[in-house]
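Chemist: With full-length UniProt numbering applied, the sequence shown covers 1 to 315.
Because the hints were derived from the structure by calculation, they are not lab data.
Everything numeric in this text was worked out from a predicted model, so none of it was measured.
Positions of the beta carbon are idealized from the N, C-alpha and C atoms, including for glycine.
Watch out, some of these pointers could steer you wrong.
Computed spacing ranges between beta-carbons, pair by pair [what the hints assert, rightly or not]: (1) Arg66 with Pro231: 50 to 58 Å; (2) Pro127 with Val37: 40 to 48 Å; (3) Asn205 with Arg311: 20 to 28 Å.
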Amino acid sequence: MTLTTSGPSSSSAPVAEEDGRRVRRRRHSRYLLAPFVFTVGTAVLFGLFFLWPGVLGLSYSLTDFRGWGDLEFVGLANYLELFQDSEFYQSLGRTFVYAVFSVPVGYVLALAMAVALTSKGARGKTPARIIFFMPWLVSPIIAGVIWRWMFGESFGFVNYIIQLLGGEAVPWASNADLSLFVAVLASAWGGAAFNMLLFIAAISNVPQSYYEAAELDGANGWERFWYITLPSIAPTSVLVILLSSLGSMKEFAMIQALNGGGPGTQNRLVVQYIYETGFERSLVGYAAAASMVLLVILMVIAIIQLRISKRNNAW
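Using the sequences and the accompanying hints, generate a full structural model.
Modeler: Here you go:
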């Protein structure tokens, strides 16, 4: 006699398999949908806040737009006039001088803070990180006001200390070079904290075995820093220099609050020139042409630095 039984296992197996397929299909569709949504969102934001303003600025640069009225196409007339404008060259040259000094100062300051906070014998690292990072949280306009108060000629705290010690007041605001020197210090003070974090992350990823081997070979602290730390953080250094260079070339708010481009227009940077041309003189088309030239300069700087980085990595 043969007995045949049918239990829940035989009937539920196809159902469980079908449910598993549905779950996998839902997960697969969700994994496909999320990247699509993020990609589309990023593309929309990029087009709305970067691509469209760029196209609008390029179109304005080919017109005589003054902020109101109809547009009249003038072709390359704004660019031809811009290349003959001595004020534009003066502002652009002063911007390069500012970048040449502010980028190395900010780099050294950020790297020094990062090395100090990652050293084994350092104490109070957490409070030091908070103190070092606070300047980056301050608005550039507020930072400019603070440094303007510190280095004011007749009311500045620094001149007050100098006179208290028997010295004479220094013309921080009326001397163009000294005024630019203060701007460089203020820029390094405000931007070093973010670069410090990048350096801390890079230094923390350097294998400790390198330092231990160098220490066994008799290398001192400076030699370990020069031959191990610096080469190991070279990609981060390139990134910091690139970002600092682009930021210095676009500096506006801090300089505007600190000295307004003064004394006179001797320290007027190129973005200040664009601002004054477009909003104070209402030459929007002409200012847009200057912005396009600045965009090309920034792209050239970025390409040169990236190529230098690739060449060094190839070596």
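Chemist: Each hint should be assessed against the structure and marked as holding or not.
Modeler: Results of checking the hints against the structure:
The supplied range of 50 to 58 Å is met by Arg66 and Pro231, whose beta-carbon atoms lie about 54 Å from each other. At about 42 Å, the CB distance of Pro127 to Val37 agrees with the hint of 40 to 48 Å. For Asn205 paired with Arg311, a C-beta distance near 23 Å keeps the hint of 20 to 28 Å intact.
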